[in-house]
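Each chain is listed here by its residues.
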Amino acid sequence: MSIAETTLALSREDEQRLYREEMTIARKYIGPFPVVMALWCFTNLACWLSLWPLVIFNVIPLWAGFIIATVNVTLCYLPSHEAQHSNYAAPGKPLRWLNELIGYVSTIPLVLPFKLARYTHMLHHKHTNDPKLDPDYEVIAPTWFQAAQKTVRRMQPGFPNSYGLVLSENADDPAAQRAGLEGALQSLAYWTILCTLAWSGFALEAAFLWWVPRLLGTVYISLFLSWWPHHPMNEMGRYRNTRSFTYKFGNILAFGMEHHIVHHLHPGMPLNRNAPAFREMRPILEARGCRLEDH
Amino acid sequence: MALLKALFPWGPVFFGIGFLAPLIAAIMVALNIPTPFGLDEIHIGLAIGAMWGLLAKFGGRWI
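Those sequence lines, one after another, are chains A and B. Quick note: the first sequence, position 138, residue 395 per our numbering, numbers continuous. Quick note: the second sequence, position 54, residue 535 per our numbering, numbers continuous.
Honestly, I wouldn't trust all of these hints.
As the list claims (entries may be wrong) - Some chain B residues close to chain A (C-beta under 10 Å, calculated; not the full set):
{"#": "1", "residue": "P490"}
{"#": "2", "residue": "I498"}
{"#": "3", "residue": "G499"}
{"#": "4", "residue": "F500"}
{"#": "5", "residue": "A502"}
{"#": "6", "residue": "I505"}
{"#": "7", "residue": "A511"}
{"#": "8", "residue": "W543"}
Note that these hints are calculated values from the structure, not bench results. Just so you know, even glycine gets a beta-carbon here, dropped at the ideal spot from N, CA and C.
Whole structure, please, built from the sequences with the hints as guidance.
In structure tokens, the structure reads:
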């Protein structure tokens, strides 16, 4: 089914009016510095870092550290996601350094290189649900459980790395070269630290504060940021390539992705303002024929 | 970068020896699992880790 068939036919006047109304609402929520997301980054990172001495010196047991670390790793992506969109400070602004700092440090527990994440995420926004050009398309699956299984398969050494393929296809682009270099160095540093810890007598701590939480966090993030908001990934176009949905365990456990459609329409809007913006935009989105499911 | 590219395909083997081996040994110690033939836990860890890494490299899967 084509995009033209699935969106509502609008007159030129209606189209312009809806766009103006949508932008008026969006501007209200885009402006202020996303304090919540910045605090989220540094609090989460500090918590995860503090687990190491707390567990090593037996202040808290390893099983408790493991649970907290898994939560930390799972939570660490979203502040970096704001930085990928330059939502803390655009290039040339005084706080640009903070934007880039958050981008780099927030995902240390996840070992997701910032420049690689930004490069591929911008392609995802540009080509959402395009089987050939969307780097996140590989997560496509009929059910959430199959999507989780697929994410595990994608971690296996014999499975082609979709982000690596994107970098190879854009090998002449200096931004891709930089992303590839930083990604390689960060991965090398991660494996070196893990092995060093393991051979220094901290193998269990390395495994249960970083390695296993990272595996679990990767599956969770892939499910809720890639699969759930875009499923079934069969449409493209500004108003149809993603959706709103209701997660039965709540929007917090869904990482705020219930209103992902607002993020795709206005990536400059911080995550914690998507829900109120969605409620205000809802009549416009309905008039546009957007995929507002289960609400 | 060239060196990294050359070593990257052997990553599972390095991981098996570099991380899984001491991890397996630590788990055996933590769970009081006895070792056969008077071997140390790290010897068992190295054998399993290296073998598992080779299987992952040539089979393309850890699990």
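Exercise. What hint numbers does the structure not satisfy?
Worked result: Every hint satisfied by this model.
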